[in-house]
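Undergrad: Note that the protein sequences, when read in sequence, are chains A and B. Reminder that position 3 of the first sequence reads as 59 in the working numbering, one-by-one numbering, no gaps. Reminder that position 63 of the second sequence reads as 271 in the working numbering, one-by-one numbering, no gaps.
Rather than coming from a laboratory, the hints here were simulated on the basis of the structure. Don't be surprised by glycine CBs; every beta carbon is placed ideally from N, CA and C. Careful: at least some of the hints might be erroneous.
Cβ-Cβ distance ranges computed for the label pairs, FRET-style [to be verified]:
id : chain 1 : residue 1 : chain 2 : residue 2 : range
1  : A       : R67       : B       : G247      : 54 to 60 Å
2  : A       : F197      : B       : G247      : 58 to 64 Å
3  : A       : L182      : B       : L349      : 39 to 45 Å
4  : A       : V81       : B       : G299      : 42 to 48 Å
5  : B       : A338      : A       : A369      : 25 to 31 Å
6  : B       : E394      : A       : A165      : 43 to 49 Å
7  : B       : A390      : A       : A64       : 39 to 45 Å
8  : A       : A369      : B       : E394      : 44 to 50 Å
9  : B       : A338      : A       : L362      : 27 to 33 Å
10 : B       : G247      : A       : E345      : 54 to 60 Å
11 : B       : D325      : A       : G174      : 32 to 38 Å
12 : B       : A338      : A       : L63       : 28 to 34 Å
13 : A       : A183      : B       : T411      : 55 to 61 Å
14 : A       : A165      : B       : A338      : 42 to 48 Å
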Amino acid sequence: MNDLRDLALWRQFAAVAGCAVVAVVAVPAFGSDFVIAFGFQFVTWIVLALSWGLFSGNTGYASFGHGVFFGIGTYAAAAVFRHSDAPFVVALLVAGLAAGALALVVGLAVFASSRFSGDLFGLITLAMAFIVVTVVSNVAFLDGGTGVFVREHVVGSWAGSSTRHLFVIAVGLAVLTAGVAIATSSTRWGAALRSIRDDEQVAESLGVPTYRYKVLTFVVSAALAGLAGAPQAIYLGYVEVGAVFSLNIPLLVIMMTILGGITRWWGPLIGAASVVILREALLDLGSPELSQIILGGALVVVIALLPHGVSGAIPRRWGTRRRTPALEGGAR
Amino acid sequence: MSLLRCRGVTKRFGGVKALSEVDLEVAAGEIVGLVGPNGSGKTTLLSTIAGSLPVTAGTIEFDGRDITRASAHRRAHAGIARTFQVPRPLGSFTVEENVATASMFGRHATGRAAALDRARDVLKAVGLAAHAGHAVDSLTLHERKFLEIARAVALDPALILLDEVLGGLNPSEAALGMELIASLRERGMAVIYIEHNVRAVSTLADRMYVLNQGQNLADGTPADVLNDPRVIEAYLGGPVDA
Numbered sequence: 057m058n059d060l061r062d063l064a065l066w067r068q069f070a071a072v073a074g075c076a077v078v079a080v081v082a083v084p085a086f087g088s089d090f091v092i093a094f095g096f097q098f099v100t101w102i103v104l105a106l107s108w109g110l111f112s113g114n115t116g117y118a119s120f121g122h123g124v125f126f127g128i129g130t131y132a133a134a135a136v137f138r139h140s141d142a143p144f145v146v147a148l149l150v151a152g153l154a155a156g157a158l159a160l161v162v163g164l165a166v167f168a169s170s171r172f173s174g175d176l177f178g179l180i181t182l183a184m185a186f187i188v189v190t191v192v193s194n195v196a197f198l199d200g201g202t203g204v205f206v207r208e209h210v211v212g213s214w215a216g217s218s219t220r221h222l223f224v225i226a227v228g229l230a231v232l233t234a235g236v237a238i239a240t241s242s243t244r245w246g247a248a249l250r251s252i253r254d255d256e257q258v259a260e261s262l263g264v265p266t267y268r269y270k271v272l273t274f275v276v277s278a279a280l281a282g283l284a285g286a287p288q289a290i291y292l293g294y295v296e297v298g299a300v301f302s303l304n305i306p307l308l309v310i311m312m313t314i315l316g317g318i319t320r321w322w323g324p325l326i327g328a329a330s331v332v333i334l335r336e337a338l339l340d341l342g343s344p345e346l347s348q349i350i351l352g353g354a355l356v357v358v359i360a361l362l363p364h365g366v367s368g369a370i371p372r373r374w375g376t377r378r379r380t381p382a383l384e385g386g387a388r
Numbered sequence: 209m210s211l212l213r214c215r216g217v218t219k220r221f222g223g224v225k226a227l228s229e230v231d232l233e234v235a236a237g238e239i240v241g242l243v244g245p246n247g248s249g250k251t252t253l254l255s256t257i258a259g260s261l262p263v264t265a266g267t268i269e270f271d272g273r274d275i276t277r278a279s280a281h282r283r284a285h286a287g288i289a290r291t292f293q294v295p296r297p298l299g300s301f302t303v304e305e306n307v308a309t310a311s312m313f314g315r316h317a318t319g320r321a322a323a324l325d326r327a328r329d330v331l332k333a334v335g336l337a338a339h340a341g342h343a344v345d346s347l348t349l350h351e352r353k354f355l356e357i358a359r360a361v362a363l364d365p366a367l368i369l370l371d372e373v374l375g376g377l378n379p380s381e382a383a384l385g386m387e388l389i390a391s392l393r394e395r396g397m398a399v400i401y402i403e404h405n406v407r408a409v410s411t412l413a414d415r416m417y418v419l420n421q422g423q424n425l426a427d428g429t430p431a432d433v434l435n436d437p438r439v440i441e442a443y444l445g446g447p448v449d450a
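Put together the whole structure using the sequences plus the hints.
TA: Here it is in C-alpha cells:
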C-alpha cells in the first residue's frame, strides 16, 4: 500500500485527530450536561454519515439499510449487557461484528448479480430493514417486543457511569471512521469505488475486482455504523424497536451526505453538522412538523444550487479549474 | 498454439440466438478483422471474449487456459483488453486517471504514482498527452475513441479487442487510428478488430472472420474473404456492381 506514504493523507488524519483531542478535552471540561449529550449525538451522526458515504457515496449504491446496521449494533450491545457482565469493549466489538456480518451475508448475495445494481439495491436494503425489525421484535434474546432496559445493566461499569464517557467513545469512533474515509479519498481503494460509481462494466474491463470491493466496503461501512450502536444503547437507556429502527435514521443520514456532498471525504461531516445544528435550532420553533418542512426545503435548495453538495462547491485550490479528480486531489 | 480459441460460442438473449456455434482463433501478435452486417453478433462476440457477457454454450480458451466462466476483471488480468463502441470514459476521472486506473488494477498492478506515470506515457503514444489533466467531457469523439485505446493499452494486454474505433472519424483521424492499430502489433499485441468498413479492415488485418446472423460465414486472408461470393451476398444481398 504505497498510497499510504502520501503525506497529504497523514496530514488530514493528524488534523482530524487533533480536533478530536481538543473535543475530548474541552467539551467535558467546559460543557454542561446538555452540551455533552448534544455533542454525543452530534458525533454519532457524523460517524453514521461518514460511514454511509464510505460505501454509498463512493460507489453510488444508495443504501437505506444504514439505520439497520446502527440498530443491530445497538441491540447487539444491549444483548451483551443484559446477558453477561462483559466489559464495554466486548459489547462494542460484538456490535461492530454483528452489523458487519449481516452486511457480509447481504453483500455476498446481492452483489453476486448485476440485476440488483442501482435502484433495486436500495429497495433490497429497505426490505432487509423490515426483515430485521420483524426478527428482533420476535426473538426474546434480543428484544421479543417489550424493549430492553440497558441502564440497569451497565450501572457501575465505566462506560455506563456518565455521558462524558459515551462522548469520548463516540469521538474515538468518529476518528476511526474519518480515518477510513480518508483512506478512500485518493487511494487505490477510493479509485476502485469511484470507478464503480462511474461505470461498473468499464471498471471490470480495466481489471477492477468490483465484487470484492463492493462487499468489502459495504461490510466496513456497516461495521462502523454497528460500532456506533454500542454507546447509543447506553445513551438511550431503553432500547425499543420503533425508535432504534426508525426509518428517519437512514433518511437523515442520506440527507446529511447529499447536503454535504460525496465528492470529498469530509462532505458528510459538513452535512451532519449542518443538519444537526439546524435541527437543534429549529426545535425552538416548537413545532416538529415545521422544522421537518424547513429541513426538507433546505435539502431541495442545496440540491438545486449545489449539485455536488456544500463540500463540492468549495474550490480545491485557488485558481484551478473545477473538476472532481478521483485519484488525485481528494487529499488536498 | 493460438492465443485465443473460441469454440462453439453460443449466446441467447431470451428466445433470440445472437451467436450460434461461433468458432474463432487468434494467434499471438496477429491482427484479426471481424466483420459482418449490422446485428451479425460482432459486438456480442467481443463481449463474451472480454467477459462482460456470459456465454450460453461453448468454450473460450486464452493462453492455454479455459476462461469461459472467468469474470471480466480476471480476463483483464490475464491479458485481454477491450474498448467500447460508444466510448465510455469514467466521468469523474480526468483523462490520465482513466488510463491510470487500467495500470493500477491491470495485469501488472502498480501504485498510484507509478500508474499516473505510465498513463502519461501511454497518452503520449496515442497523441493525447496535452489532455492528460483535463476532464473527459472536454474531449472530442476521436479523442474519446483514442482514450478507449489508451486505457486498453495501459492494461498491457496480450490481446486487445477494438470495437469500431474508427467509426465516425473523419479520414485524417481514421488514418491516425490505423497507424495506432498497426503500432499495437509492433508492441507485440494481438488485435481483434471489429469494423463496419470492410475495406479499412482488409488493409490492416492478417486474417478476417465474417459473421452473419450470429454464425461464422467465412474466414481467411482479406483477399480470399472479400472475394467470397457468400460474403458479397451477405453484405449486398446478391451480386451487384458497386
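Undergrad: Where does the structure disagree with the numbered hints, that is, which hint numbers, in rising order?
TA: none
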